[in-house]
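Chemist: Single-letter residue listing:
6 protein chains.
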Amino acid sequence: MATVKMPSIAEAEKNPAVKAVFDDIRATRKSDFINNIWRGLSNSPELMKRIWEQIKTVMAKPSSIDPLTKEMIYIAVSTANSCSYCVHSHMAAARAKGMTDEQQAELMAIIGLAAQTNHLVTAMQIPLDPEFEVKS
Amino acid sequence: MATVKMPSIAEAEKNPAVKAVFDDIRATRKSDFINNIWRGLSNSPELMKRIWEQIKTVMAKPSSIDPLTKEMIYIAVSTANSCSYCVHSHMAAARAKGMTDEQQAELMAIIGLAAQTNHLVTAMQIPLDPEFEVKS
Amino acid sequence: MATVKMPSIAEAEKNPAVKAVFDDIRATRKSDFINNIWRGLSNSPELMKRIWEQIKTVMAKPSSIDPLTKEMIYIAVSTANSCSYCVHSHMAAARAKGMTDEQQAELMAIIGLAAQTNHLVTAMQIPLDPEFEVKS
Amino acid sequence: MATVKMPSIAEAEKNPAVKAVFDDIRATRKSDFINNIWRGLSNSPELMKRIWEQIKTVMAKPSSIDPLTKEMIYIAVSTANSCSYCVHSHMAAARAKGMTDEQQAELMAIIGLAAQTNHLVTAMQIPLDPEFEVKS
Amino acid sequence: MATVKMPSIAEAEKNPAVKAVFDDIRATRKSDFINNIWRGLSNSPELMKRIWEQIKTVMAKPSSIDPLTKEMIYIAVSTANSCSYCVHSHMAAARAKGMTDEQQAELMAIIGLAAQTNHLVTAMQIPLDPEFEVKS
Amino acid sequence: MATVKMPSIAEAEKNPAVKAVFDDIRATRKSDFINNIWRGLSNSPELMKRIWEQIKTVMAKPSSIDPLTKEMIYIAVSTANSCSYCVHSHMAAARAKGMTDEQQAELMAIIGLAAQTNHLVTAMQIPLDPEFEVKS
Numbered sequence: 446m447a448t449v450k451m452p453s454i455a456e457a458e459k460n461p462a463v464k465a466v467f468d469d470i471r472a473t474r475k476s477d478f479i480n481n482i483w484r485g486l487s488n489s490p491e492l493m494k495r496i497w498e499q500i501k502t503v504m505a506k507p508s509s510i511d512p513l514t515k516e517m518i519y520i521a522v523s524t525a526n527s528c529s530y531c532v533h534s535h536m537a538a539a540r541a542k543g544m545t546d547e548q549q550a551e552l553m554a555i556i557g558l559a560a561q562t563n564h565l566v567t568a569m570q571i572p573l574d575p576e577f578e579v580k581s
Numbered sequence: 446m447a448t449v450k451m452p453s454i455a456e457a458e459k460n461p462a463v464k465a466v467f468d469d470i471r472a473t474r475k476s477d478f479i480n481n482i483w484r485g486l487s488n489s490p491e492l493m494k495r496i497w498e499q500i501k502t503v504m505a506k507p508s509s510i511d512p513l514t515k516e517m518i519y520i521a522v523s524t525a526n527s528c529s530y531c532v533h534s535h536m537a538a539a540r541a542k543g544m545t546d547e548q549q550a551e552l553m554a555i556i557g558l559a560a561q562t563n564h565l566v567t568a569m570q571i572p573l574d575p576e577f578e579v580k581s
Numbered sequence: 446m447a448t449v450k451m452p453s454i455a456e457a458e459k460n461p462a463v464k465a466v467f468d469d470i471r472a473t474r475k476s477d478f479i480n481n482i483w484r485g486l487s488n489s490p491e492l493m494k495r496i497w498e499q500i501k502t503v504m505a506k507p508s509s510i511d512p513l514t515k516e517m518i519y520i521a522v523s524t525a526n527s528c529s530y531c532v533h534s535h536m537a538a539a540r541a542k543g544m545t546d547e548q549q550a551e552l553m554a555i556i557g558l559a560a561q562t563n564h565l566v567t568a569m570q571i572p573l574d575p576e577f578e579v580k581s
Numbered sequence: 446m447a448t449v450k451m452p453s454i455a456e457a458e459k460n461p462a463v464k465a466v467f468d469d470i471r472a473t474r475k476s477d478f479i480n481n482i483w484r485g486l487s488n489s490p491e492l493m494k495r496i497w498e499q500i501k502t503v504m505a506k507p508s509s510i511d512p513l514t515k516e517m518i519y520i521a522v523s524t525a526n527s528c529s530y531c532v533h534s535h536m537a538a539a540r541a542k543g544m545t546d547e548q549q550a551e552l553m554a555i556i557g558l559a560a561q562t563n564h565l566v567t568a569m570q571i572p573l574d575p576e577f578e579v580k581s
Numbered sequence: 446m447a448t449v450k451m452p453s454i455a456e457a458e459k460n461p462a463v464k465a466v467f468d469d470i471r472a473t474r475k476s477d478f479i480n481n482i483w484r485g486l487s488n489s490p491e492l493m494k495r496i497w498e499q500i501k502t503v504m505a506k507p508s509s510i511d512p513l514t515k516e517m518i519y520i521a522v523s524t525a526n527s528c529s530y531c532v533h534s535h536m537a538a539a540r541a542k543g544m545t546d547e548q549q550a551e552l553m554a555i556i557g558l559a560a561q562t563n564h565l566v567t568a569m570q571i572p573l574d575p576e577f578e579v580k581s
Numbered sequence: 446m447a448t449v450k451m452p453s454i455a456e457a458e459k460n461p462a463v464k465a466v467f468d469d470i471r472a473t474r475k476s477d478f479i480n481n482i483w484r485g486l487s488n489s490p491e492l493m494k495r496i497w498e499q500i501k502t503v504m505a506k507p508s509s510i511d512p513l514t515k516e517m518i519y520i521a522v523s524t525a526n527s528c529s530y531c532v533h534s535h536m537a538a539a540r541a542k543g544m545t546d547e548q549q550a551e552l553m554a555i556i557g558l559a560a561q562t563n564h565l566v567t568a569m570q571i572p573l574d575p576e577f578e579v580k581s
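Protein chains in written order, with the numbering used here: chain Z, 446 to 581; chain D, 446 to 581; chain G, 446 to 581; chain Y, 446 to 581; chain L, 446 to 581; chain X, 446 to 581.
Be a bit skeptical, because a hint or two may be false.
Same chains, same names: a pair is fine if it fits in one copy or spans any two.
What the hints assert, rightly or not - Within a straight-line C-alpha distance of at most 25 Å, the following computed DMTMM-like cross-link-like pairs (lysine to aspartate or glutamate) qualify:
hint, residue 1, residue 2
1, Lys506, Glu491
2, Lys494, Asp469
3, Lys580, Glu498
4, Lys580, Glu491
5, Lys501, Glu576
6, Lys494, Asp546
7, Lys464, Asp574
8, Lys464, Glu498
9, Lys580, Asp477
10, Lys501, Glu491
11, Lys459, Asp546
Treat the hints as calculated values from the structure; they're not laboratory data.
Using the sequences and the hints, build the whole thing.
Modeler: Dropping the structure here:
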């Protein structure tokens, strides 16, 4: 159960500001499916618009990182932040963008290994190597 | 300062089990540079070997995810886990594997956006869409 | 399902030490409702008493931060720590203390934005400005 | 040390897109001080603009949550996300907006207590009370 | 619902590499019960083998930390990382290894207290005492 | 640098409420060393007293978990919460209570392994086994 009202899509779209975003989501994704996060965010059309515009710019626009890689990075962050819904929705998005079973298994192996060394490094409090410095 | 002894490379290599791993790191990476995490892990040669073997298998072996993408996923996890050393070392590795300034900026944009939606979803406790279900 | 026994309120109150705390919760909150965390904590009356005394002192006593603000800070921490139950219970408490839909939407916007800049700062490893120093 | 170039303010402002944001920061905050996060973000003017516009909208615009409360919520998230720089910069902002020593001490008490109950609830895996349900 | 296929034990064991690990789990644990994580990991027999070998070495082999203490440390990490399944499975393992109700209550008290001081220290940004330095 | 004033021990002890706690710390620990967290907490004697009383009860009183195990659990939580100061101070405490190099290496191996499986489980969203249920 949610901590905010979860209006149906039809109910939420009665607000034109919400409908405009929903329509843009449908057009951008070439799909009629509007997932639950948008029903929750529709309680605050202004916040919903800001979030959608960022997702459209960062995730949907062609750029120097390919769409599947973007989803895998998103999954990595969502896993480390323990966001169950986000892991589910971006795993689905990654599969829709062509992630194979082999790639999913490798993604999980990388995430698990990173978490292991993150915790080892924090437990040992390893000091920085000067070699990592960025030259200005 | 570390919570474990940080022997010099020369000192650590006196242990043949440590030297064997260091030599494999050098050969695999085609570089003489051994960064600080390995000095810390050399206190426990058995643990060091397990970590290195995983890194070699997961990060260094050709596979279905390209080497730069692997580093970006690693950075994403390390950022969400607040591991300063890990962020530094894998940013350096990503640059060494060809990450451009533009890709680095995009990587950060994805990480930041994911964190934002992770927290929004958790605050709203959005319920799962049945559409995300994996068919067995 | 819980990892500890979840006695009913009636069963838990058979222990006088538990009943004393439950009675104080009811009196302080002017409500008969005892939520599930207290059933779980009743397995360890000593720990339960310490937690309740802190909540009573920090959250229920009039002080320099108003009661609704306290709940919003609590929600912020609980969200970042991915505690679903805590997000739910303190959202309910915030609404009971007068949080409007508009304030809830703003609270979520702040939490999401903070998470985004937290992750950006960690990814960039921004050095501290000396201007932030506290003068002793 | 940072993982991105940290240009001086003067150097960064040579880019008109950066200068426009810096000027808006100065005008909005009525201060000439541009803190380090903006130097880091100036490597990606587009991302910097998106972050600034969110901060301006969420944190700087008069709204239903007062400015000091906003900073305290920001500090709460930043603490739970272990972002040292963010804790410093928003503690400084909170003091600039009038946070007293007493309020700071209470803020810390709330953050610490929330973290404690977050972890207790997660360790006990307390089930949700139906009373917390939001009525649609 | 999972983000990976969850084959039944019988189905998963048709792969001899999976069966070999399952058999070793049964022999090591002297029990026929194979819990769900192994069904999920069986999608990637190589990753499953690496995880099992680590668990066998770290958790199941007699060593300088007793088996119950190992489980309590595991629970502590899993709680702080908000892994509900992991908290459940290692609580069950700890009880199977003799954890009493009193010890469980104390474990939770330590976890909660550590979380509280972790957050207080991060909010205050306490500088390191030189006395904590490890002598090389 | 800290976000709160860091008075010297002598300065802090001018407040009798602070001195009383400091004296109890010295007597309980049989040592004159007062580490930095107490200087920071002395800004709020009431909060400091609550924290000390919990530490004294949970960590210093003989109980069903031995003192070294308690410190290792504390380190595990502090590592997962990325609290550098806490990792340092409790590693020092663990060594003072007899933690050997071998035990420290094992502690780190357990923490790292737990983090790895925590992240794998979250990425796979493994459903709970009914076998883990606690019988009421």
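Chemist: Measure nothing new, just compare the shortest in-copy and cross-copy C-alpha distances for Lys464 and Glu498 to 25 Å and report within, between, both or neither.
Modeler: both (14 Å within a copy, 23 Å between copies)
Chemist: At most 25 Å between CA atoms: does that hold for Lys501 and Glu576 within a copy, between copies, both, or neither?
Modeler: Cα proximity of Lys501 and Glu576: across copies only (21 Å, versus 37 Å in one copy).
Chemist: With 25 Å as the alpha-carbon cut-off, assign the pair Lys506 and Glu491 to within, between, both or neither.
Modeler: both (21 Å within a copy, 13 Å between copies)
Chemist: Is it within, between, both or neither when you check Lys494 against Asp546 at 25 Å Cα-Cα?
Modeler: This pair counts as between: shortest inter-copy Cα distance 17 Å, intra-copy 34 Å.
Chemist: I want to check one pair: Lys580 and Glu491. Are their C-alpha atoms no more than 25 Å apart within a copy, between two copies, both, or neither?
Modeler: between (40 Å within a copy, 23 Å between copies)
Chemist: Using 25 Å as the alpha carbon limit, work out where Lys580 and Glu498 are close: within a copy, between copies, both or neither.
Modeler: For Lys580 and Glu498, neither the intra-copy (33 Å) nor the inter-copy (29 Å) Cα distance is at most 25 Å.
Chemist: Please work out whether the CA atoms of Lys464 and Asp574 approach to 25 Å or closer within one copy, between two copies, in both situations, or in neither?
Modeler: between (52 Å within a copy, 20 Å between copies)
Chemist: 25 Å Cα cut-off: does Lys580 pair with Asp477 within a copy, between copies, both or neither?
Modeler: between (48 Å within a copy, 21 Å between copies)
Chemist: One pair to classify: Lys459 and Asp546, alpha carbons no more than 25 Å apart. Within, between, both, or neither?
Modeler: Answer is between: at 18 Å across copies they meet the 25 Å cutoff, but 40 Å inside does not.
Chemist: Between copies, within a copy, both or neither: which fits Lys501 and Glu491 at Cα up to 25 Å?
Modeler: Both: 15 Å inside a copy, 14 Å across copies.
Chemist: How would you classify Lys494 and Asp469 at a CA-CA limit of 25 Å: within, between, both, or neither?
Modeler: Result: close both inside a copy and across copies, 10 Å intra and 22 Å inter.
When each numbered hint is compared with the structure, a violation occurs for hint 3 only.
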